[in-house]
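Engineer: Here are the chains, one letter per residue:
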Amino acid sequence: MGHQDGDAPPEANPDDTALKLQGISKIYPGTVALHKVNINVKKGEVHGIIGKNGAGKSTLVEIIAGITTPTAGKIFIGGEGYDSLSRIDARRKKIAIVPQEPQLILDFTVAENLFISDYTRWGWLINWQGLYTRAEEIVKKANLHINVRVRAGDLSVSEQQLLLVLKACYVEQSDIIILDEASASLAQRDEELLYRIIRERKGGGCTILFISHRAEELLKVCDRVTVLRDGHSISTKNCRELDRDKLSDLIVGEKFCRHIKVDQGQLKKDLGETVLAVENLTRLGVYQEISFQLKKGEILGLAGLRGSGRTEIFRGIVGIDHPDEGTIFVNGQRRCYRSPAAALGDGIVYLPEDREREGLISNLSVRENLMLNALDTVKRGLLLNRSKESRAVADLIKELDIKVASPEQEVNQLSGGNKQKVVVGKIAAAGPQIFLLDEPTRGVDISAKQGILNIVRNSLCREAGIVITSPGLEDLINICDRILVLHRGRITGEFLRGNLRESDLFSAVQGGAQEKCPGLVASYVS
Amino acid sequence: MPRKLQIELFLLDNLIWVLLACFFLLNALITPMFATYGNLVNILYHSAIMSMLVLGQGLILVSGHLDLSLESTLVFAPGVAMLLATRWLPFQLDPVTTIILTLAIGALVGLFNGVCIAKIGVNPFLQTLSLMIILRGLVLFLVPLSIFPLDKVYTFAGQARMIGNIPVAVPIVFIIFLFFHFIMQYTAFGRHFVATGGNARASYISGINTGRMVIYAFVIAGFLAAVAGLLAAGRQDSVSNTMGEGMVMLAFAGAILGGASLEGGKGTPLGMLGGALLLGMISNSLNLLGVGVTLVYATQGALIFVAIVLDRIRIKRRNYLLHREQVRRLLIQEQGG
Ligand SMILES: Nc1ncnc2c1ncn2[C@@H]1O[C@H](COP(=O)(O)OP(=O)(O)OP(=O)(O)O)[C@@H](O)[C@H]1O
Ligand SMILES: [Mg+2]
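Protein sequence lines correspond, in order, to chains X and G.
For the first sequence, position 451 (counting from the first letter as 1) is numbered 451 according to this note's numbering, and the numbering increases by one without interruption.
Position in the second sequence (from 1) plus 1000 gives the number in this note's numbering.
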């Protein structure tokens, strides 16, 4: 393990190394997160770290950034060796990190969040005016249009993520920048900004560690990648010699089957009755005049850029943020929910986009989280039937391939992608009639993604209607019977399965449809 | 933004002062003898001790924790300092040293709490609950009744009056509040302190020593409780073992009325001053109206409840106003474009 079988040239010049890890191990109670990992990162390169969910990527970079202490091993930064670093040491060594779960102080302004660790000062006083001016400069330099005086909590998820990237790249003036799935929650437009920032920083001599689950992106951004598998470092490769398939094989470790086992291209004919009908739903400034119908057994995709109103429509339907106008019919009856609990009573479950804050109860166990919505199904009288519960939990864990030490493990000890699987398992367990799934595959590795999509396509939709969104159009094309295109809060197009070209869909999502026939719903159905 | 909305938001953000003003006007009209110079000075004087606890509790809430032991620190610090000064040491301590000793003991109690919570990871509720009981018990053991009389210099802060018959305690308290308000708003230390309460993990990753911030919070609060103890001892010219009993819950009420929140990262020292003054004003007016002491206590309890509900309503109203403003702007845009 840990040998370098890539063609990284033998170290001619030791000055070339920005960061070296030697035999790093991390043992959590019940889990070996990292086992004798060796990595060599060269100065000025973008170094990708890839692997399945729970492979240990986040743990590894947290050790480098001084957030977690390793159990064994040595870290060499610029030639000096350390057994472990504290966060403050790591900052002194000019290491910045954007962690996987966005970390902002929501009540502080954008400017203050940027400069939280290094205030512009006059002596020991804060120079507020200078703070705002400098923040504005940085935001402008990155071509971002946000007001630095608003609360960070008022930004969109994507903007919050970019804010953290800006902080790591421009404010902290670091030599080593770690981006842990920084692109996972970015809007498409903002992705380009991120790539530009990375290129710019690389040009400025920074070394960047980049974690992502998206193959194209890795190939585009990285110079070399290191593969982690189950806590072992498998190899380091030059990106020039890789393509998508090779990358996938490296991550998963065996020949990877890239296809969903469904009747590709066939329209489902035996759809049931309409379970959900939405008419003229409007929340001013967020989405307008949204109308669609969903039948039992149907998978309806909502395609749109981040910020096009997908999440907000879901939130409107289940009663988190009330729509200003419009009606919702469930099974033909008019409904208006005041809370997600009321919606759940009618068999509507909502999978939130923000799993940390809305999807999980992080200090409960995996078992308790999985069964939270489904306690009714394992009840015997007033009591819970524990053995039935355990069986249901074990089935879900197996079906979704959730990597846990035991079902009693606390959810906040899982890796990011495994948390996401728990969220999906949790709502699947309830057996509802309508699923509203907001990005169920965000941040999960390729094999788990196929797993989740397979479950959606082959088992969830048997008894229910599903509305789904996804960061990639490809996923929607693969599993949806019908796709609605959202642009700036309006439905601007409709595509049926077996009758669509990816390029058409792509341009519609980018707003192409609306430019051609403004105000009208473009129809691509032949 | 239209002027009316701006004003409304401003009032919501400073709700405590609005409440204070309303309550003041109401009492000026219905309560006899309320709006006299003497009584107003009296309110300030009587609020002084509570306000120190409110500030201490409020700052701990800002840092994302809570401290139940403040009310015991209030009596423990002057009690032990006096015992050291007069009985335990072979020589007499001069009163200034005793004052410094009092404050140092308060800070040390805070340091102990802070270290246990930040470094060992003890739950703050349990930690400070146990210390509240331990310290009170120790005081009951060490000071069977009360220690008196005290030195004139020691009681100066709590008892002396200056021009206009204003107690020196009042300016002392105001200066302390202004000092902390300034620190929290305008120094990096203050902002790091607030950030720690707002999101501890984010602050830690940003390179803030969050453990140290939590320790500072408890040390400051212990110190302020000792100041409160000094003022209380001065006012009654003795250290009695029941001083401060039951005050910590009211300190929560004052801090929350003043804008702090159990979630941390919220509230300013000046807001907390408003909260403390409102508490003082309420008990004063109930006294003047001849309401019994026990009922005053119940009323203050009800006030905690009202404080929490008001805070929620305030946040809802604020979000509603902002949403309405957004919608209005959009409509204008659509008409314009
Ligand atoms: N605090 C913790 N306690 C116990 N186990 C933990 C803890 N944090 C992480 N682990 C375990 O360590 C392993 C590696 O987790 P890590 O977060 O590094 O994975 P990852 O590669 O980043 O995955 P993902 O792609 O899902 O983010 C996982 O099996 C996880 O359950
Ligand atoms: Mg991770």
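Treat the hints loosely; a few may be bogus.
Said to hold, decoys possible - From the structure, some residues in chain X lie toward chain G, with a derived Cβ separation under 7 Å:
1) 87
2) 91
3) 104
4) 117
5) 144
6) 146
7) 285
8) 502
9) 506
To be verified - Counterexamples of contact, computed for chain X against chain G with all Cβ distances above 10 Å:
10) 65
11) 82
12) 99
13) 103
14) 332
Treat the hints as calculated values from the structure; they're not laboratory data.
A virtual CB, placed ideally from N, CA and C, is assigned to each residue, including glycine.
Engineer: Using Cβ atoms only, decide whether residue 146 (chain X) comes closer than 7 Å to chain G, and label the hint accordingly.
Structural biologist: At about 16 Å, which exceeds the 7 Å cut-off, the nearest Cβ of chain G leaves the hint on residue 146 (chain X) violated.
Engineer: Grab the minimum beta-carbon distance between residue 332 (chain X) and chain G and tell me whether it stays above 10 Å.
Structural biologist: With a cut-off of 10 Å, residue 332 (chain X) remains clear of chain G, as the shortest Cβ separation is near 31 Å.
Engineer: Was the hint right that residue 117 (chain X) lines chain G, CB cutoff 7 Å?
Structural biologist: Holds, about 4 Å.
Engineer: Checking the smallest CB distance to chain G, is residue 65 (chain X) really beyond 10 Å?
Structural biologist: Violated, since 8 Å does not exceed 10 Å.
Engineer: Measuring from the C-beta of residue 87 (chain X) to each C-beta in chain G, is the shortest one below 7 Å?
Structural biologist: holds, 6 Å
Engineer: Close enough to count: is the Cβ of residue 506 (chain X) nearer than 7 Å to one in chain G?
Structural biologist: violated, 28 Å
Engineer: For the hint on residue 144 (chain X), just tell me whether its beta-carbon gets within less than 7 Å of chain G.
Structural biologist: violated, 20 Å
Engineer: Given residue 285 (chain X) as an interface hint, is its Cβ closer than 7 Å to any Cβ of chain G?
Structural biologist: holds, 4 Å
Engineer: Over 10 Å to the closest beta carbon of chain G is the bar; see if residue 99 (chain X) clears it.
Structural biologist: violated, 6 Å
Engineer: Please check whether residue 91 (chain X) passes as an interface residue: C-beta within 7 Å of a C-beta belonging to chain G.
Structural biologist: Since the shortest Cβ distance to chain G is 4 Å, the answer is holds.
Engineer: Per the CB criterion, is residue 104 (chain X) less than 7 Å away from chain G?
Structural biologist: Status holds, d = 6 Å.
Engineer: Does residue 502 (chain X) pass the interface check with chain G, least Cβ-Cβ distance below 7 Å?
Structural biologist: violated, 33 Å
In summary, the structure is inconsistent with hints 5, 6, 8, 9, 10, 12, 13 from the numbered list given earlier, while agreeing with the others.
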